[in-house]
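Participant: As a plain string of letters, each chain reads:
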Amino acid sequence: MSTDTTPDTTIDMNLDRHILRRTDGNDEEIVVNFGPQHPSTHGVINFVTQTNGEVIRRSVPEIGYLHRGLEKIGELVAYPGYMPFTDRIDYLAAMFANEGYAVAVERLLGIEAPPRAQYIRAISCELCRIASHFISIGTMAQDIGAATPLTHALREREAINDLLEELCGARLTYNFHRIGGVAFDVPAGWTDKVLRFLDHLDSYIQEWDRLITFNKIFVKRLAGVGVISREKAIDYGLVGPNLRGSGVKFDIRRDMPYGAYSDFEFNIPVGAGKVGTVGDCWDRFFVRVQEVVESSKIIRQAIAKLPEGDIQAKVARKVKPEAGEAVGQVESARGEMLYYIVSDGSEKAYRLRVRTGSFMAMGIIEELSHGIMVADLIAIIASLDVVAPEVDR
Amino acid sequence: MTQEELCTQLGAQFGDAVGALSETKGDRFVTVKVEKIVEVCAYLKTTVGCEFDFCRDITAVDWPARKVIEVVYHLYSVTHRHGLVLKVEANREAPAVATVEGVWKAATWLEREIYDLFGVNFTGHSDLRRILLPDDWVGYPLRKDYQEAGGYHGIGNTRPEPLVQLAKATDEVRKAIAAEAAAAAAAAAAAAPAPAVVESAPAPAAAPAAPAPAAPSTERKP
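Chains as they are written, first to last, in this note's numbering: chain S, 13 to 405; chain W, 2 to 223.
Next up, chain S with everything else stripped away, as it sits in the complex (with noise of 0.2 Å):
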């Protein structure tokens, strides 16, 4: 640790920032690099946090460590070749990547999954967004302190991750989806293990909810705490559970339906500021928890609507859309992912475009950095539930 008296009023951008500083010939104030590698910054991100004490004055998130240029290998292999990269893009929710860059396909193609391919899709993602959704707020428990919560949270997921091997193969790269339909049918007899996983989680998110989601001190740690007004939200793109937390009731299932979903009932949890004001840490954490009993609605009906039929369309070996643009998005565990595919007639895409829930997520934490305690800026990451590699692709 290095300490620099040199009068400096800004953060220096510049790539000597990695080091201990005062600014401003003021004592009190420093800047630390609250990252890249720190548990709480859920991945590898740095956020330069200009503190003084306690109290953050600005942080800067620094993003980029963990690009990978995937956008451009869409530009470099085949449309069908690109699946297993959408994989890497969100490693806790791929199945949704697998399933947006899928959909966004179709639609140049002008073509359709067939119904039964739609409902597995679906029970597939609901799956995944209830483990994608147990370690965020796992996670987000252990943030602010509380240990054992993570430990039921990972128990819960491991669950999943097994039916979704015995679905696909795969614990988290799933590959599972493909243009056109899924890559297998359901396995005889997983329906039912679904169904029994179901039972044994309905009645868990009660024990959840006693153990921490209303437990006292971490609704006073949570409430009140990084409040994202309805409006700002909305001004800052914000998508998923993080726009649903500020009182927005706004799904892609429900409001922009792609697959199969126009054929279930359920509802679209908002925040309410049950505890403290609307949009706050706490809702953006509640409405997750609820998100999970309504995949679970999701996936009973589904199952027990599932179609019989084929589980792909036909599709040629060379995919060639004609030239043209087609966007294609699904709600992912964290928001929209969108998919913008401009397409030259080739058999590859002319141009790639992934945006993230977790990058607009990343937006906003500047906005809410001043003057919160450094504490809270953990509150605020966590509840927010970015994913590095999903920011960065």
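Bear in mind the hints are in silico, worked out from the structure with no lab data behind them.
A few of these clues could be false.
Claimed, not checked - With the Cβ distance kept under 7 Å, some of the chain S side facing chain W (calculated, not the full set):
#1 Tyr77
#2 His79
#3 Arg242
#4 Asp267
#5 Glu277
#6 Gly336
#7 Val339
#8 Arg367
Stated by the list, open to error - Here are some of the chain W residues that sit facing chain S, going by a computed Cβ distance under 8 Å:
#9 Phe55
#10 Asp58
#11 Lys106
#12 Ala107
To be verified - Mimicking DSS-like on lysine-lysine, the simulated pairs with C-alpha atoms at most 27 Å apart in a straight line are:
#13 W:Lys88 with W:Lys106
#14 S:Lys332 with S:Lys360
#15 S:Lys330 with W:Lys26
#16 W:Lys37 with S:Lys244
#17 W:Lys88 with S:Lys332
#18 W:Lys145 with W:Lys26
#19 W:Lys68 with S:Lys360
#20 S:Lys84 with W:Lys26
#21 S:Lys360 with W:Lys88
#22 W:Lys26 with S:Lys332
#23 W:Lys26 with S:Lys360
#24 S:Lys330 with S:Lys205
#25 W:Lys88 with W:Lys26
#26 S:Lys84 with S:Lys330
#27 W:Lys88 with W:Lys169
#28 S:Lys332 with S:Lys84
#29 W:Lys145 with S:Lys84
#30 S:Lys332 with W:Lys145
#31 W:Lys88 with W:Lys34
#32 W:Lys145 with S:Lys261
#33 S:Lys326 with W:Lys34
Glycine is no exception: its CB is placed at the ideal position from the N, C-alpha and C atoms.
Chain W: place on chain S using the hints.
Facilitator: Positioned in the frame of chain S, the structure of chain W alone reads:
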């Protein structure tokens, strides 16, 4: 409102600065003159009935043949549940587009990403720095004519083919085994003369050769 209605309204308001709705396959879009983009966006956001409060995405597409970089705006209205795609064309040699940061805050980071990967200069932007790549990176990777500079600060971006490396390593091990076997055979031959007087030749040559292959394989460096 439907896209056609929105397009008609924009045409009535801005005249020929706003083109007609495209007839392309897939999603349709509206091309806007680059100098009018902020006005059009502000109009779409504030006009009652349009209220595009939500900026879903801003991105760019490079078209070297047409010598333009298109900046693409995917807009949506949470209030009215309708969407529209706008495009502007910036000159590829010195791409500059006015920032729409003042209309939607979401544009701050989205435009920074385009600046980083396409080199589009968003005039009036409050914080136009590279976002994903390091500050001293050379070039704009998502442009079609981008050439990799061959590494960054001594960190290479290529590596030898792994199978070639494996074959090379295997060859070295084989050579080492052969060399040791030869050395052992020579040593045995040197030690051999005394018993060779008593018995006939074949036995000593075979005996030391057997342990040789096993020994070097355990000695291979990790």
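Participant: To test your reading of the hints: which numbers does this structure violate?
Facilitator: 1, 3, 5, 24, 27, 32 and 33
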